[in-house]
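Chemist: Given chain Z's structure and the hints, the job is docking chain B onto it.
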Amino acid sequence: MNVIIYLLPLALGLGLLGLFGFLWALKSGQYSDMEGAAYRVLSDDDVEK
Amino acid sequence: MTAADTLDVSPYVKPEADGSHGMDVAVEGITCGACIGRIEHAVKSLPGVTEARVNYTNRRLHVAWSDALEEPGRIFETLQANGYRGHPFVPLRAEQEEAEEARKLTRCLAVAGFAAMNVMLLSVSVWSGNVTDITPETRDFFHWASALIALPAAAYAGRPFFSSAWMALRAGQLNMNVPISLGVILALGMSVIETANHAREAYFDSALMLLFFLLVGRALDHAMRRKTRATASNLAALRAEIAHRFDGDELVRVLAASLKVGDRVLVKPGERVPADGEVIGGASEVDESLITGETARRSIRSGAKVYAGSLNFSGTLTLRVTAAGGSALIDEIEKLLDKAASAKSHTRRLADRAARIYAPIVHTTAALTLAGWLFAGASAHDAIITAIAVLIITCPCALALAIPAVQVVASGAMFRRGIILNSGDAIERLAEADTIVFDKTGTLTLPEPRVVNAGATDPAVLQAAARLAQSSRHPLAMALAKETASAAPFDAAVEEPGQGVRAVVDGAEMRLGSAGFCNVAPGVSGEIGASHIYFRHGDRIATFAIAQSLRPDAIETVQALRDLGFDLHILSGDRNEAVAPVAEALGIPQWQGGVNPAEKIAFIEALKAQGRRVLMVGDGLNDAPSLAAAHVSLSPISAADVTQAQADAVFRGERLAPVGDAVTIARKARRLMIENLWLAALYNLIAVPVAIAGLVTPLIAAAAMSGSSMLVTLNALRANAKAADPDAVTTSVRSRASGEASSDSSLARGSADDTRLLEAGGAR
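Sequence lines, in order, name chains Z and B.
With this note's numbering applied, the first sequence covers 1 to 49.
With this note's numbering applied, the second sequence covers 1001 to 1764.
Chain Z on its own, in the form it takes in the complex:
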C-alpha cells in the first residue's frame, strides 16, 4: 500500500490544479458573459481572410 504515499498527493495536486484554474478563470472575467461566449465561438473575426 506504500504507493498511496505518492498517489494521494499526486491526486490532490491535480485536483488543486483544476481548482486554481477555475479561480483564475473566474478572476479574469471568463464567467462574466456566459451567453456571449457561446456565440463568440462561432464568430470568424479572428480568421485571416
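No wet-lab data here; the hints were simulated from the structure.
Honestly, I wouldn't trust all of these hints.
In silico DSS-like pairs for lysine-lysine, Cα to Cα no more than 25 Å straight-line [said to hold, decoys possible]:
(1) B:Lys1305 x B:Lys1260
(2) Z:Lys27 x B:Lys1014
(3) Z:Lys27 x B:Lys1227
(4) B:Lys1305 x B:Lys1335
(5) B:Lys1227 x B:Lys1104
(6) B:Lys1014 x B:Lys1227
(7) B:Lys1260 x B:Lys1339
(8) B:Lys1335 x Z:Lys27
(9) B:Lys1335 x B:Lys1608
Sample of chain Z residues facing chain B (criterion: CB under 10 Å; computed from the structure) [claimed, not checked]:
(10) Ile5
(11) Leu12
(12) Ser32
(13) Glu35
(14) Gly36
(15) Arg40
(16) Ser43
Ideal placement from N, C-alpha and C gives every residue a C-beta, glycine not left out.
Modeler: Positioned in the frame of chain Z, the structure of chain B alone reads:
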C-alpha cells in the same frame, strides 16, 4: 456634425488603467449572437477606439478610447446608425456590491466543492476498509489527509456563514447561520480529536458537504438577484432622458441626470420635462398623468412650475431648473413617503421565524442528549460524541435550502412572465395579500394614449394617417403612428408647429392636425376624455379620437383576480368622470376618483385596520407613498422612478396579467416553502432519535444530509411547473410593432421599448 448635435457624456467617462478613457453603455436591440460582432466591429472602426466589448448576458458594451477620438458622442451615433440604441451608465453601487458578493460566493463554492469531493473519496475508502481489511495506520493516514484538506477549506469556504453568525451573536440574536457554524466547527473539532485517538470514524466529509450544499443555495440565490438587478439598471439607463440645455445661446444635448439647479433647458412638444423647473418662456399644455394620475392637461405659461416626468403637449417651453437630479420629489409626496415608510410594520420573514424556533430546539436537544448519556453512565467522551452527532445531523441543510431554493425558482418563473422582484421577501408578502387597490391612469390603462376609434375607420385611411403621423413629434400624432406596424414615413412631410403635418401623396395634399389645419368640421366622437386629431387627403377625411385605453387584458385579469377571492378597489387621482367608465368596464364597484396621496394612504390604513393585507398597484408619483404604506406593492415598468423604487416588484409589457401571475406564483411558492419546512422537520423527526441513540455513523449522516437537501430542492422546482406562458409571443410581437414607431422618441419612457429590451433579455 456640429457640437450642438453631439451628446455630452463626460459624467460617465472613467479613466482606464492604461491612460485611455472608458465608459459602459447599456445597449438596446441586441437580439442575437451576430449583434456582438456587428457592434464591436462598428465601434472599433471609429478612430481612437481601443477596445469595444459586448457583454451579451447583460446587454452592455464596454468601450475604451484614446484622445484620438474627439467626440465620444459619436459612439452613440455609430450604434444608432447600426440600428441599436445605446445609453451611457454607471452601474448602481448596489449592483457592484452584489457582483462582488457573488464572486466571493463562487470562490467559496469552488473550494468547498473541491474539498468535499476529495475528502469523500478518502472517506469512502475508509468506510469500505472498515468492513474489510484496512489497517489502523492507513486509516489514520487517510483521516489526517482529510483533516489537511478539510480544515483550510472550511476556514475559507465557511466565512460567509461564520461572519454572519458572529454578527448575529454579537447583536444577541440567533439566525440560521448560528446552528450552521456551530455544527461545522464542532464536527471538524470532534473529527480532529477522534483522529488523534485513532478512532474508526471521522466527520470531515459531513462538514464539507454541508458547506457545499449551503453554498450552492446561496450562490443560486445571488445569481438570480444579480440578473434582475442588471436588467433593472439597464432599464434605468435606457429610460434616462436627454435634455436640451442652453450653454449661453448655444443648445447642447445633455443627460437629464447631469442638469444642475439654475440651468436653462428647452422642452419641445412631445418631450418629457427633464427636471423640476419654472417656466421662463413659452406656453403649452402639459400632461401630468405620471405625477398626479390626472389625464386632463394643464395649461401653463411663464412663471408656472412643472415637474419632471410631465409630458409637454403643444408648445416649446424654456425652463429654469429648480431641483436637480432628474426626478426631484414634490415636498408633500416626500413627507408622506417618509411617514408611510416609518409606519410600515416590519413583517418577519418565514426563514427568520423558522430559525427562531429551530435553533433553540436543536441546541436544547443536543444539551439534553449530553446530560442524558452522562446520567445513563456513559463516559464523557462518548456522551460528547453523541451530542455532537445530534448537532451534525440536525444541521439545517434542508432547512437552509428550503426557502431560498423556492425563492430562486419562483423569482425565475416571475422573471419569465415579466415580473422583476425588488425585494426577496416580496414573494411571501404577495402570497399573503387578500385585497388589491389599483391606481387607474397608467396602471389599469395603458401608460400612453391610443386611438380608440380605430375599428370604426377605413383601414386604408388609418394606415395613411398613421404613416403621416410618423413625421410628427406631437403626442397625439405619436399615438396615431402606433397604428401602423411597419410603413415608412412619407418623404418630404413638413411639420407646421402647432398646426399639424402635411405631405403630397398621389398628387393630392395630405394633412393631419387640428380641425382648422385640415379644414374639417370639429367633431365629437362621444368618447369621454378623448382628444381629437383630424385628417384630410383630397376628399377623404377622418377624425381620430385618442384617449387612455384599458390594458388589453385588463377585463380578463380583473375577473381572474376576483375569482381568486381578492377584494378589488380603484383609487385614482383623476376626475370621477374619467374613473367611472373604467370601473364600470372592469366591474369594480368600489372606486374613488380625485383622491390625493394623503387620502390614498388613509384608505389603505383603514383597510389594514380591518385586518386586510393590501396589494397596491400603481405607477404615478402620487402613488409612491401608498405603495410604501401597503403590505406589498407592484408597479408597471412605465412608472415614475421614485414610485418604482418603492414597489416590491415591477412588471413589464402592456398587459395586466403579470399582476395575476405574481400572486398565483407567490401563493404557490409560499405553499412550497411551508411544505419544505415540514419536510425538513420530518427529516429531523426521523434522524434525531437515531442520533440521540448514538447510532449515527458518518455514512448515515452523509446520506441523510444529501437526501434531505435533494428532496427540498426537487420540491422547490415545482414552483416552476406551471405551463409555459402562451402569451409571451403575442406580447413580444405587439411591442415590437409599436416599439418601431417610437424607438427614437423621448416618449420611449413607455412600455414598448422597455418591453423590447427585456424580451430580448428574458426570452431564452
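Chemist: Each hint: holds or not?
Modeler: Here's how the hints hold up against the structure:
1. Between Lys1305 of chain B and Lys1260 of chain B, the direct Cα distance comes to roughly 16 Å. Compliance with the 25 Å bound is thereby established for this hinted pair.
2. With a CA separation close to 21 Å, the supplied pair Lys27 of chain Z and Lys1014 of chain B stays within the 25 Å bound.
3. The suggested pairing of Lys27 of chain Z with Lys1227 of chain B holds, with an alpha-carbon distance near 19 Å, which does not exceed 25 Å.
4. As the CA atoms of Lys1305 of chain B and Lys1335 of chain B are separated by approximately 19 Å, the hinted pair is consistent with the 25 Å bound.
5. Taking the CA atoms of Lys1227 of chain B and Lys1104 of chain B, the gap is near 16 Å; set against the 25 Å cutoff, the hint holds.
6. Note on Lys1014 of chain B and Lys1227 of chain B: the hinted pairing holds, with a Cα-Cα distance of about 24 Å set against a maximum of 25 Å.
7. Between Lys1260 of chain B and Lys1339 of chain B the CA atoms are separated by roughly 28 Å; this puts the pair beyond 25 Å, and the hint is violated.
8. At roughly 45 Å between alpha-carbon atoms, Lys1335 of chain B and Lys27 of chain Z are farther apart than 25 Å, so this suggested pair is violated.
9. The suggested pairing of Lys1335 of chain B with Lys1608 of chain B holds, with an alpha-carbon distance near 21 Å, which does not exceed 25 Å.
10. A distance limit of 10 Å between C-beta atoms decides the matter here; for Ile5 of chain Z the minimum to chain B is near 9 Å, and the interface restraint holds.
11. Satisfaction of the interface hint for Leu12 of chain Z is found here, the shortest Cβ-Cβ separation to chain B being roughly 6 Å, below the 10 Å cut-off.
12. The closest approach between the C-beta of Ser32 of chain Z and any C-beta of chain B is roughly 7 Å, which is under the 10 Å cut-off, so the hint is satisfied.
13. The closest approach between the C-beta of Glu35 of chain Z and any C-beta of chain B is roughly 5 Å, which is under the 10 Å cut-off, so the hint is satisfied.
14. Look at Gly36 of chain Z: its Cβ gets to within about 3 Å of chain B, closer than 10 Å, so that hint holds up.
15. Taking 10 Å as the C-beta contact cut-off toward chain B, the hint placing Arg40 of chain Z at the interface holds, the least distance being around 7 Å.
16. Using the Cβ-Cβ criterion of 10 Å, the hint placing Ser43 of chain Z at the interface with chain B is satisfied: the shortest such distance is roughly 5 Å.
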